[in-house]
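Peer 1: All chains should be modelled from the sequences, with the hints used to inform the complete structure.
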Amino acid sequence: MISLGRLRAIALFVLGRLALLAGVVFVVATTVFFLLRFIPGGPFNQGDKEIPPAQKEALLRHYGLDRPLFDQYLDYLASLARLDLGPSMTIDGMTVNQLIAEKFPRSAMLGMLSVAMALAIGVPAGIIAAHRRNRWPDKVSMGLAIAGVSVPSFVLAAMLLLVFVLNLRWFRSVGFPPGGTLLEQLHYMVLPAVALTGFSLAYITRLLRSSMLEVLSMDYIRTAQAKGLSLWTVLTKHGLKNAILPVLTYLGPLIAGTFTGSFVIETIFAFPGLGKYFVVAISNRDYTVVLGLTVFYAAFLTAMNMLVEILYTLVDPRIEVE
Amino acid sequence: MPALAASAPLAAPPRSPAKIVWGRLVSNPITVGAMIVIALLILASLLGPLFTGYGYDEVDESAGRYESPSAAHWLGTDGLARDNLTRLLTGGRISLAVGFFASLISVTIGVIYGAVSGYAGGWIDRLMMRFVDTLNAIPLMLFVIVLMVLFEPGLRNIFIALGLFYWLNMARIVRGQILSLKSSEYVLAARALGASRRRIILRHLIPNTLGPIIVTLTLNIPSAIFTEAYLSYLGLGVSAPMASWGYLADEGVKVMGRNATLLIASASAISLTMLAFNYLGDALRDAFDPRIHRD
Chain A
-1 MISLGRLRAI ALFVLGRLAL LAGVVFVVAT TVFFLLRFIP GGPFNQGDKE IPPAQKEALL
59 RHYGLDRPLF DQYLDYLASL ARLDLGPSMT IDGMTVNQLI AEKFPRSAML GMLSVAMALA
119 IGVPAGIIAA HRRNRWPDKV SMGLAIAGVS VPSFVLAAML LLVFVLNLRW FRSVGFPPGG
179 TLLEQLHYMV LPAVALTGFS LAYITRLLRS SMLEVLSMDY IRTAQAKGLS LWTVLTKHGL
239 KNAILPVLTY LGPLIAGTFT GSFVIETIFA FPGLGKYFVV AISNRDYTVV LGLTVFYAAF
299 LTAMNMLVEI LYTLVDPRIE VE
Chain B
313 MPALAASAPL AAPPRSPAKI VWGRLVSNPI TVGAMIVIAL LILASLLGPL FTGYGYDEVD
373 ESAGRYESPS AAHWLGTDGL ARDNLTRLLT GGRISLAVGF FASLISVTIG VIYGAVSGYA
433 GGWIDRLMMR FVDTLNAIPL MLFVIVLMVL FEPGLRNIFI ALGLFYWLNM ARIVRGQILS
493 LKSSEYVLAA RALGASRRRI ILRHLIPNTL GPIIVTLTLN IPSAIFTEAY LSYLGLGVSA
553 PMASWGYLAD EGVKVMGRNA TLLIASASAI SLTMLAFNYL GDALRDAFDP RIHRD
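Residue numbers (this note's numbering), protein chains in the order written: chain A, -1 to 320; chain B, 313 to 607.
Hints listed in this document are in silico derivations from the structure and should not be mistaken for laboratory results. Built from N, CA and C at the ideal position, the CB exists for glycine as well. A couple of the hints might just be wrong.
Stated by the list, open to error - Covered stretches of chain B, going by a simulated chain A footprint (3 or more residues, C-beta under 8 Å): (1) 355 to 366; (2) 531 to 541.
Unchecked claim - Far from chain A by the CB rule (all over 12 Å, computed), these chain B residues: (3) A351; (4) E373; (5) R405; (6) F443; (7) I450; (8) G466; (9) S508; (10) I512; (11) A579.
What the hints assert, rightly or not - Cβ-Cβ distance ranges computed for the label pairs, FRET-style: (12) B:L452 x A:R6: 34 to 42 Å; (13) B:R377 x A:A268: 24 to 32 Å; (14) A:D90 x B:I348: 55 to 63 Å; (15) B:R570 x A:A145: 25 to 33 Å; (16) A:L305 x B:V338: 26 to 34 Å; (17) A:A268 x B:I342: 38 to 46 Å; (18) B:R570 x A:L18: 30 to 38 Å; (19) A:I89 x B:G376: 24 to 32 Å; (20) B:L476 x A:A7: 38 to 46 Å; (21) A:A99 x B:N340: 49 to 57 Å.
Peer 2: The following block contains the structure:
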C-alpha cells in the first residue's frame, strides 16, 4: 500500500507541479495574447455588415479595447488570476467561463468514449500481438494498426458518414440533442467517437506491442512461466503491469487532446462541442474566447501530464516523484 | 605471422552502415512495396497531369457536372465539369511538395536546436527544453492558423508555417541522442585521445544520430501532408483553382450526396501516401536499430 512518506512525496510533487502549471499558463497567456493582436482585423470589423462608427467605438470601450495594449494585458492577467476568462466578444452576454462550462462536458463525453474504446481494444490487441509475435494475430493487428495511423481522422469521419449515414442508414443523421436522454445522445456520439479513435487505437496497439515484446523477453517472465502460473497471470500481472508505462505517457496528451474536442470531427458531425468553437473564434477574432480556450487547454494538458506521472509511481514503485 | 594471415579471409568483408541498412530494407517485401508506391506516387503527380488531356482548372464544355467515371473522365467530373483525375494528380504535386519541404524545414530547425541543447547541457539545456515544453502546451494548430491568417494563404507560406512549428519532436529526439552519446565510452575515448570538439561532433555525434533523424524525417512527411490537408479543409490551404488532396477531400465531402467518387479518390490518395511513408519510416527504424538485428 501507499506509505505515509510516499503520500507526502506526492503532495510535495503536486504543489511543485501546480507552480509549474501557473508558470505555463502565464507564458501561454502572454504569448497568445500578443500573437492574436498581430492578426489583422478585430472582433468588430469582421463579416459583411459594417458597424456604425459610434456604435463600434462604444463596443471597443465596453471591452476595454480602446486602452493601451499593455494595460489590457495587465487587466487580462489580473482577471486570469481570479480564474475569470472574461466575456466573449462576439457572443452576446456569454462569458468564456460559461462557454467552457456548457461545451466542454459534451466534448469531454465524446473524448471519454473515444479513449475508452481505444484502451478497450488497443490494450488486448497489443498484448495478443506481442504474445503471438510474427504469427497471424500479430500480423493482422499490426497491419490494421499501421492503417489506423495512416488514415487521417477527417477522412475516416467522411467515410463513416458516407457508409453509415448516407448508404446503410444505420444512423439517422448528425448533430446532437442537448436535452435528450443519455441513450439518444449516445446514438449521435458513436460515429464521431469512432472517427476520433482510429489513430489513438492504432498508436496504443503499437506502443504496447513493442514494450510488451521487451518485457516478455525478460528472465522473470520465464521464471513465472516455469513456476506454472497461468498464461493470463503471466501476461497481465507480470507482463502488462511492466509494459504499460509508455501507454500511460501517451494517455496524458491523448486525454487533453480528445477531451477538449477536435474541430474537424465536430464540424463534420455538426457536434456542438468546444473544438468546433475554437477555430470559429479565431476567424471571428474573438480574442477572449481564443485566449481562454488556449489557456484552458494548456492547463488541462499540464494537469493530465501530472496525473500520469502520479500514476507512474503507483504502477511502478521504483519510480519516485521528485 | 602465418596464423594471422590464415584467419583474415574468415572475417566478414567490411560493410558500411549505409549498406547494412539498405540491405535490411530491401530484404522486406513490404518495405520494397512501400518504396515502389512512393516512387509511383511521385511519378504520377509529376508526369500524370501531362497525359490526362485536361488542365487542372479546365472546364470540359462537352461533359456534365458531377459526372460518374467514364472513358473520357476516369474519375468523373466535379461541380464545374473539371476532370477529377487531373485535379487529383495535380493535387498530389502540392501535397507531396508540402510533405517534403515542410519536414525538411522542421527537421533542420529541430536538429540544430536539439544538438545545441544536448551538447551545451546544464542550464542552457534546461532553458531550451522548458521552451519546447511550453510551446507543446499550446495547440500548434493555433500558431499555424494564426500564421496562415497573417500571411496570404499560399503554397510557400504553408511550407513556412508548418516547418516553423513542427520541429519540437525532432529537437527532443536529437537532444536525447546527443545527451546519451556525449557520455558514452567511445566519445570519452576520443576526447582522451585529444580529438577536437569539432571532430567529436562531426565524426562521432552526428553520424550516430543520423538514424533517428532519418526515421523522424520520414515519419514527419505524412504528418505534414496530413496537416496541410487539415488546413485546406479549414479553407486555409492553397487557394482555388489550385487544389491539394485535403482541399479535394473537403470538396468531396460537400458533394458526397451526389457523387462520392471525388471523396473516395482523394481520401484513398491521402491514406495511401501516409501508409507508404509510415511503413517506410517503421522499416527504417527497425533497420537502424542494432538491437533488433544481432546477426
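Peer 1: Give me the numbers of the hints this structure contradicts, sorted from smallest to largest.
Peer 2: Hints 1, 6, 7, 11, 16, 18, 19 are the ones this structure does not satisfy, whereas the remaining hints hold.
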